[in-house]
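J.: Modelling step: build the complete structure from the supplied sequences, incorporating the hints.
If you read the sequences in order, they're chains A and B.
Here this note's numbering is used: the first residue of the first sequence is 1, the next is one more, and so on.
Here this note's numbering is used: the first residue of the second sequence is 1, the next is one more, and so on.
Wrong hints could be hidden among the right ones.
[Unchecked claim] Below 20 angstroms or equal to it, Euclidean Cα-Cα: the simulated SDA-like pairs (lysine to any residue) are:
| id | chain 1 | residue 1 | chain 2 | residue 2 |
| --- | --- | --- | --- | --- |
| 1 | A | Lys-41 | B | Gln-44 |
| 2 | A | Lys-71 | A | Met-46 |
| 3 | A | Lys-41 | B | Met-89 |
| 4 | B | Lys-73 | B | Tyr-54 |
| 5 | B | Lys-108 | A | Ser-86 |
| 6 | B | Lys-115 | B | Met-11 |
| 7 | B | Lys-111 | A | Lys-22 |
| 8 | A | Lys-41 | B | Lys-108 |
| 9 | A | Lys-102 | B | Asp-31 |
| 10 | A | Lys-44 | B | Gln-98 |
| 11 | B | Lys-55 | B | Ser-28 |
| 12 | A | Lys-19 | A | Lys-102 |
| 13 | B | Lys-70 | A | Gly-100 |
| 14 | A | Lys-41 | B | Pro-41 |
| 15 | A | Lys-67 | A | Asn-79 |
| 16 | A | Lys-44 | B | Ser-7 |
| 17 | B | Lys-111 | B | Thr-24 |
| 18 | A | Lys-44 | B | Thr-24 |
| 19 | B | Lys-55 | A | Gly-100 |
| 20 | A | Lys-40 | B | Pro-41 |
| 21 | A | Lys-36 | B | Thr-5 |
| 22 | A | Lys-41 | B | Glu-10 |
| 23 | B | Lys-115 | B | Gly-85 |
| 24 | A | Lys-40 | B | Gln-44 |
| 25 | B | Lys-108 | A | Ala-87 |
| 26 | A | Lys-44 | B | Ile-105 |
| 27 | A | Lys-67 | A | Glu-53 |
| 28 | A | Lys-40 | B | Lys-108 |
| 29 | B | Lys-55 | B | Gln-69 |
| 30 | A | Lys-102 | B | Lys-55 |
| 31 | A | Lys-44 | B | Ala-97 |
| 32 | A | Lys-102 | B | Arg-43 |
| 33 | A | Lys-44 | B | Lys-115 |
| 34 | A | Lys-22 | B | Gln-44 |
Since the hints were made in silico from the structure, they are not lab data.
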Amino acid sequence: DTAVSQTPKYLVTQMGNDKSIKCEQNLGHDTMYWYKQDSKKFLKIMFSYNNKELIINETVPNRFSPKSPDKAHLNLHINSLELGDSAVYFCASSQGWGGGEKLFFGSGTQLSVL
Amino acid sequence: AQTVTQSQPEMSVQEAETVTLSCTYDTSESDYYLFWYKQPPSRQMILVIRQEAYKQQNATENRFSVNFQKAAKSFSLKISDSQLGDAAMYFCAYRSAQGSQGNLIFGKGTKLSVKP
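T.: What follows is the structure, given as structure tokens:
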């Protein structure tokens, strides 16, 4: 069983489109995250949810909207896609919110905007 | 703001040899955690090792160990008896002990190649 699963693994779309990436974790964790990895492999936090409540919202365009219907799911919706949105997006989860928590990552969604 | 620096974009090691990956960080906090994550070509991010800043003893996980120098703000990863499966990107990461103060801050990574 995959602990943190993301769909789709690959997403190719045109500029201006709206797309969603889904994430589910079956670990019973309370906290979920979205990270973005750019073309130079740099990873940066985008959002973090704890018990379905938004905890961290980094400087991300408001075209990006996370939604957490329950503790096991954190989806990412992106409106009006731009070329610069091309990246790999990782979902992750952890048991709690503490600084030492181990994060479990999904395998990533590679988004290509043409 | 905290920063994490990995000064070696690429490293190479012979199979069965030992290699050390460097990481330095900048913070004004006294309580925090440091991590090394591995990202193989499969893209999956895998936790390799974790160090609590309040612990003087260096963390070890089988062939992986760290050299944590708190005063120098240095956190290097040593891989012993390197194996072909160790080839990957390695990311050093920092997180405040107060989780609500922020999230994992990653370095830019070191690409490790293992030669047979």
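J.: If a hint holds in the structure, say so; if it does not, say that too.
T.: The hints, checked one at a time:
With a CA separation close to 13 angstroms, the supplied pair Lys-41(A) and Gln-44(B) stays within the 20 angstroms bound. Using a Cα cut-off of 20 angstroms, the hinted pair Lys-71(A) and Met-46(A) holds, with the two alpha carbons roughly 18 angstroms apart. About 9 angstroms separates the Cα atoms of Lys-41(A) and Met-89(B), which keeps this hinted pair within 20 angstroms; it holds. A hinted pair counts as satisfied when its Cα atoms are at most 20 angstroms apart, and Lys-73(B) with Tyr-54(B) qualifies at roughly 13 angstroms.
Proximity of Lys-108(B) to Ser-86(A) is assessed by CA-CA distance (about 18 angstroms); at most 20 angstroms being required, the pair is judged to hold. Of the pairs offered as hints, the one joining Lys-115(B) and Met-11(B) holds, with about 11 angstroms between alpha carbons and a cut-off of 20 angstroms not exceeded. A hinted pair counts as satisfied when its Cα atoms are at most 20 angstroms apart, and Lys-111(B) with Lys-22(A) does not qualify at roughly 29 angstroms. Taken as a hint, the Lys-41(A) and Lys-108(B) pair is honoured in the structure, with Cα atoms around 7 angstroms apart against an allowance of 20 angstroms.
Our distance criterion of 20 angstroms between C-alpha atoms is met by Lys-102(A) and Asp-31(B), whose separation comes to about 16 angstroms. Restraint check for Lys-44(A) and Gln-98(B): the C-alpha separation of about 18 angstroms stays at or below 20 angstroms, so the hint holds. At most 20 angstroms may separate the alpha-carbon atoms for a hinted pair to count; Lys-55(B) and Ser-28(B) meet this at roughly 17 angstroms. As the CA atoms of Lys-19(A) and Lys-102(A) are separated by approximately 29 angstroms, the hinted pair breaks the 20 angstroms bound.
With a CA separation close to 17 angstroms, the supplied pair Lys-70(B) and Gly-100(A) stays within the 20 angstroms bound. Of the pairs offered as hints, the one joining Lys-41(A) and Pro-41(B) holds, with about 12 angstroms between alpha carbons and a cut-off of 20 angstroms not exceeded. Proposed proximity of Lys-67(A) and Asn-79(A) is supported: the alpha carbons are some 13 angstroms apart, at most 20 angstroms. Between Lys-44(A) and Ser-7(B) the alpha-carbon distance is near 18 angstroms, which keeps this suggested pair within the 20 angstroms criterion.
Annotation: proposed proximity of Lys-111(B) to Thr-24(B) holds, straight-line Cα distance about 16 angstroms (limit 20 angstroms). Between Lys-44(A) and Thr-24(B) the alpha-carbon distance is near 18 angstroms, which keeps this suggested pair within the 20 angstroms criterion. Proximity of Lys-55(B) to Gly-100(A) is assessed by CA-CA distance (about 13 angstroms); at most 20 angstroms being required, the pair is judged to hold. The hinted pair formed by Lys-40(A) and Pro-41(B) meets the criterion: a straight-line CA distance of about 14 angstroms does not exceed 20 angstroms.
A distance of roughly 18 angstroms separates the Cα atoms of Lys-36(A) and Thr-5(B); the hinted pair therefore holds under the 20 angstroms criterion. Distance restraint check for Lys-41(A) and Glu-10(B): the Cα-Cα separation of roughly 13 angstroms lies within the 20 angstroms cut-off, and the hinted pair is therefore satisfied. Among the hinted pairs, Lys-115(B) with Gly-85(B) is consistent with the structure: their alpha-carbon atoms are about 11 angstroms apart, no more than 20 angstroms. With a C-alpha separation of about 16 angstroms, the suggested pair Lys-40(A) and Gln-44(B) falls inside the 20 angstroms cut-off, and the hint holds.
Between the alpha carbons of Lys-108(B) and Ala-87(A) the distance comes to roughly 15 angstroms, so the proposed pair stays at or under 20 angstroms and holds. Pair hint Lys-44(A) plus Ile-105(B) holds up; C-alpha atoms about 7 angstroms apart against a cutoff of 20 angstroms. For a cut-off of 20 angstroms, the pair hint linking Lys-67(A) to Glu-53(A) stands: about 10 angstroms separates their Cα positions. In summary, the hint linking Lys-40(A) to Lys-108(B) is supported, as the alpha carbons are separated by about 8 angstroms, within the 20 angstroms threshold.
As the CA atoms of Lys-55(B) and Gln-69(B) are separated by approximately 11 angstroms, the hinted pair is consistent with the 20 angstroms bound. Distance check on the hinted pair: Lys-102(A) and Lys-55(B) sit about 17 angstroms apart at the alpha-carbon level, within 20 angstroms; holds. Taken as a hint, the Lys-44(A) and Ala-97(B) pair is honoured in the structure, with Cα atoms around 18 angstroms apart against an allowance of 20 angstroms. Proximity of Lys-102(A) to Arg-43(B) is assessed by CA-CA distance (about 18 angstroms); at most 20 angstroms being required, the pair is judged to hold.
Proximity of Lys-44(A) to Lys-115(B) is assessed by CA-CA distance (about 31 angstroms); at most 20 angstroms being required, the pair is judged violated. Annotation: proposed proximity of Lys-22(A) to Gln-44(B) holds, straight-line Cα distance about 17 angstroms (limit 20 angstroms).
Hints 7, 12 and 33 from the list above are not met by this structure, while the remaining hints are.
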